[in-house]
Amino acid sequence: MSTVTCELCPHACVIPEGAAGDCRVRVNLGGRLRATTYGRPSAIHVDPMEKKPLYHFHPGSSVFSLATAGCNLHCLNCQNWQLSQRGGEEMEEVYRADPAELVAAAQREGCRSLAYTYSDPIVWYEYVEDTAALAHAQGLTNVFVTAAYINRAPLRRLCRVLDATNADLKAFDDGFYRRVNGATLKPVLDALVTFREEGVWTELTNLVIPTLNDDLAMIRRMARWIVAELGADTPLHLSRFHPEYRMRNLPPTPTETLRTARSAAREAGLNYVYIGNVMGDEGNSTYCPRDGTLLIGRSGFVITHNALTAQGRCPTCDEPIPGVW
Amino acid sequence: MNVNESTCSSDQKLPASGRLRRRFLGGCASLLGAWGLAAATVGRQSAPAAGPRERALCAADFYRPHHLAG
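If you're matching them up, the sequences are chains G and L in order. Here the first sequence is numbered in my numbering, starting from 3 and rising by one per residue. Here the second sequence is numbered in my numbering, starting from 11 and rising by one per residue.
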């Protein structure tokens, strides 16, 4: 019986022959590990970049977004559990598309970027890598939307073909990761640092769940860590929780909780803290950290105002605004 | 639910251009087992990024084979 140990993510699954890892999609066949969703996406959409969410990366552009089945986390509140908590053979719709077809489709749709998203693209690593390399060759950029539960060596290699990421920082508490996500905190923090070291434009999302991770002291600690390790200019999206999947007992996050958390994160030194999943809130928009000028106004995923100069600076005080404009 | 195989495939081509700006998950009857490891053995062409890979059923990277007693 040939068993394999998967070394892609920190789970380090020991997989007997004929079985899949924790992600459901990396399968040991005859003593060789196989990525069984390669070339077989189950979700493909054209989205606004703001939906990822990326606010400092080609704002207002369309991004060709895809996913296959599978995930290496098992978040009790997953919004895409029909996709992420299934193996490929359980999906109702599976497309057949090799990397070249995806890139061609993205170009046909007028997209300048592809996003590997919805489920966690870590578990379809090879498909991401091949597609992203081809996309680069065609002048397109690559966006990786992830929970960042991946080992450093594979992440470093993948970063060569990535341009931007929105990575979850689900809580600044290892116990939360273990209870709610089926993961641990430390590898996520290491991965976030790796993104930054490798020059991938990085924005973070923290989904604020009432009673579970809305403690202000924890949010301050998280913000201070981000400032120290990733930089004060790292955008942080504090997103509103909606009851979903196995966590339907909790209410949506009160808007006031998000506003208070945003204030705390800014006081801790972060320059760009956003409120997500609350349409029309002032926290949807980008302001100059130096003089407070409204730079990019947003309502949900729609840009209502863009005053950034062509060089990505504040039109009032000429402060450079970090991002890929 | 009935399965209309003429309109519902478990292994479809990409949708036509212009049809991707809406959600289209769901709406297709389940064909459990129709797609899976057996189907995945069908060969495919893809452009390798970091050296040649076996794509007949994509060989994963980052794993260590070993043998367990028993």
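The hints are simulated quantities; they were obtained by calculation from the structure and are not laboratory data. Each hint should be verified, as a subset may be incorrect.
As the list claims (entries may be wrong) - Calculated pairs, EDC-like style, for lysine to aspartate or glutamate (alpha carbon to alpha carbon, straight line, at most 16 Å):
(1) L:K23 to G:E103
(2) L:K23 to G:E199
(3) L:K23 to G:E94
The structure displayed is predicted, hence computed values, not measured ones.
TODO: Verify the proposed pairing of L:K23 with G:E103, using a straight-line Cα cut of 16 Å.
DONE: holds (10 Å)
- [ ] For the pair we were handed, L:K23 and G:E199, check the Cα-Cα distance against 16 Å.
- [x] Violated - the C-alpha atoms of G:E199 and L:K23 are around 38 Å apart, more than 16 Å.
Task: Hinted pair L:K23 and G:E94, Cα distance within 16 Å - done: Given pair L:K23, G:E94 holds - Cα atoms ~14 Å apart, limit 16 Å.
The structure fails hint 2 only (numbered hints given earlier).
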